[in-house]
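Student: As a plain string of letters, each chain reads:
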Amino acid sequence: MTNNFDEKLFIELGVRISPTIFKRNIIVSYTEEAIEAHRKKYNHLDVYHTIFAYDNKEIRLGKQRGALPFDFDCEENPQVALDDTIKLVDFFIKEGCPENEIRLWFSGFKGFHVQVLFEALGIEPDENLHAIFKVIASNFKKQLNLTTLDMRIYEKVRLWRLENSINSKSGLYKIPLYLEEMYLPLEGIKEMAQSQRLNVTY
Amino acid sequence: MIWKNFPDIYTKAKTMQMQVSEVKESLQLKDAVAVEQGSRDDDMLALANSLLSRKYNELEVWETITKVNRTYKPPLDDSSMLRIFRQATNFISSKKTSATNENTYLGNREVSQETKLENIPATNNGNKTVSQSKHDDMPQPKLLSELSSERLSVSWIWEGFLARGHKTLISALFKAGKSTWIGLLLKAIEHGTEFLGLRTIPCNILIFTEESEYQWVTRRDELNLQSQIYILSNPLKSKLSYMDWVHWLEWVKKFCKEKEIGLVIIDTISEFWSVNDENKAPEVTQVLMPLNYLTEDDIAVLLVHHFRKSGGTQGTAARGSGALASKVDILVDFTRYEDSEETTKRRLSCLSRFEETPRELVIDYINGDYIVLGNSAEVREKEKLAELLATFEAYPNGFTVKEVWENWDTFIQGKKPSKRTIQRYIARLIDAKQIEKVEDKEINGKLVPFYSVINLRQGDKKIVKTACRKRMKP
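If you read the protein sequences in the order shown, they are chains A and B.
202 is the number that this note's numbering gives the last residue of the first sequence; the numbers go up by one with no jumps.
1474 is the number that this note's numbering gives the last residue of the second sequence; the numbers go up by one with no jumps.
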């Protein structure tokens, strides 16, 4: 999302209640308190928020403001997803992206999330940010042969897991990682994901 | 800090994205533009419905109709546009949901009403990747040809009755002996020995019980249960809400994973679930669905329930809505075999999706264990054979079929069988080498066979007190 909370912006929250029931359309101001309340209400389990924040309560009508997101998934072999993650992050750094503007998470199950913070992108909010990001991601995917990059996330309203929430599919947490930690063995990362990781600073 | 190269990358991508949008727009919208006052609402709704049901996702539709609206004379206001858009998405969503509900399952899980209400309206499914993106976490249907045969073979914890990834419901009257039955089942599973003649596989077990810990301590010590059996006794202080129930099952799932539980027993289901009116099928159905949390992790679930007072047959005896019975894979009615408080015999009548499940078993609780007697027909025949044998024992000189029939005491021996049936019983006893034909005597010009108990010779002073006979224990 963005690095800064802003109560004038709106986000959507969601929660997976059961394998077949997903509750969403919970529109709140983009504040830390609202997110924390949601997280606590559902006991940190399978809680989601939108990738973007919106400048309109009718979020589908709003301009989007958010980080450039990437979702790497590989159920058969998450190591492949990790390898793709490393490839992309290394490429960004080589292309001049400031390291401290890149965020990295283990998703808690079979993949990794990467974001470049909105503030680092030097762009303005846009109604079609998702579609533009999709074009960008598509180019990176081709250029770097990122086979595990999930292109389906580039939607106007897309939810993804809250940091430090539990992924019920594995019982592990979605945890933030320092960039240097992406070189750790996958098992080591999974071990870290057995509990929340609250004190990561960039 | 700014990523200096990025604005260039972004600008190029934006240009490309706009070009793509314009091409799409020009292809799709040439007949839908410049509508004048009078038919704008209807035309816009028709356009939105058409786009949603054919090729585009919600966002694309919204963007498209917004652009089309700019060509309207005059354009519709924002609130009208939103109303039309919502109307269209709800319409498409309801069509999709009803089709799903009517047809079948998604990955063996029925789509709930709540999904329909709480999830955002479904995207259309023309463009494969766009359609998938809305529901990427939802279970995806598989081609029948792609199903793994591994998943098709059932992994039994107790053959025919408890399968991993499936639900079994056992219903019984109060004090019918369910807990005794469960105790012996646990013992068999612990040792991997046969239970009621059917094999078991050891696994860790989690039991939610309405009985006290004291009762379970007694049972544990009596049966010498030692393995990984986890008990949660009377944990609830008030009725759970539906959400509590869902969260509770989520927690159970997690616990099961941690402790490698293979079987979860909920005794009784009505003590734990959130149902307020168990006669309401939708409520019962809704409450049973989160049990999939457990079955999807390959855990066998045994639900214990009470009978309705009026009883029932063929799986209808369980109290409350029939939805309960219809949503499980194996249904077992646990009843007394005879209409007597004293009887130690029990009947298990089963309905199942699996051919391994016996349709009926009659069991007898003898010396702290169950003996399988067979099905009802077999048990009845065994009882009749025992009566018949006793009759022959009382008449060591031998009896004809006609004499057996004439001397049948309905008060003691029960309903009088036909001569043909007696003939059949005699044949069985001969096969079992318990009686034999001793001679053929001429009666009224016809040779009639006489039968007698083997080794019971004429003149033996054996007295069988027929009046005191009891039905033989197998």
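It is possible that part of the hints are untrue.
Claimed, not checked - Restricting the straight-line Cα-Cα distance to at most 25 Å, the calculated cross-link-like pairs of lysine-lysine (DSS-like) are:
id	chain 1	residue 1	chain 2	residue 2
1	B	Lys1327	A	Lys190
2	A	Lys94	B	Lys1012
3	B	Lys1257	B	Lys1345
4	B	Lys1012	A	Lys87
5	A	Lys110	A	Lys134
6	B	Lys1327	A	Lys63
7	B	Lys1416	B	Lys1345
8	A	Lys169	A	Lys94
9	B	Lys1254	A	Lys169
10	B	Lys1254	A	Lys23
Calculated directly from the structure, the hints in this document are not laboratory data.
Student: Now look at each hint and say whether the structure bears it out.
Tutor: Checked hints:
no.: 1; hint: B:Lys1327 / A:Lys190; result: violated, 36 Å
no.: 2; hint: A:Lys94 / B:Lys1012; result: holds, 20 Å
no.: 3; hint: B:Lys1257 / B:Lys1345; result: violated, 38 Å
no.: 4; hint: B:Lys1012 / A:Lys87; result: holds, 23 Å
no.: 5; hint: A:Lys110 / A:Lys134; result: holds, 22 Å
no.: 6; hint: B:Lys1327 / A:Lys63; result: violated, 46 Å
no.: 7; hint: B:Lys1416 / B:Lys1345; result: holds, 23 Å
no.: 8; hint: A:Lys169 / A:Lys94; result: violated, 35 Å
no.: 9; hint: B:Lys1254 / A:Lys169; result: holds, 9 Å
no.: 10; hint: B:Lys1254 / A:Lys23; result: holds, 21 Å
Checked against the numbered hints above, the structure breaks hints 1, 3, 6, 8 and satisfies the rest.
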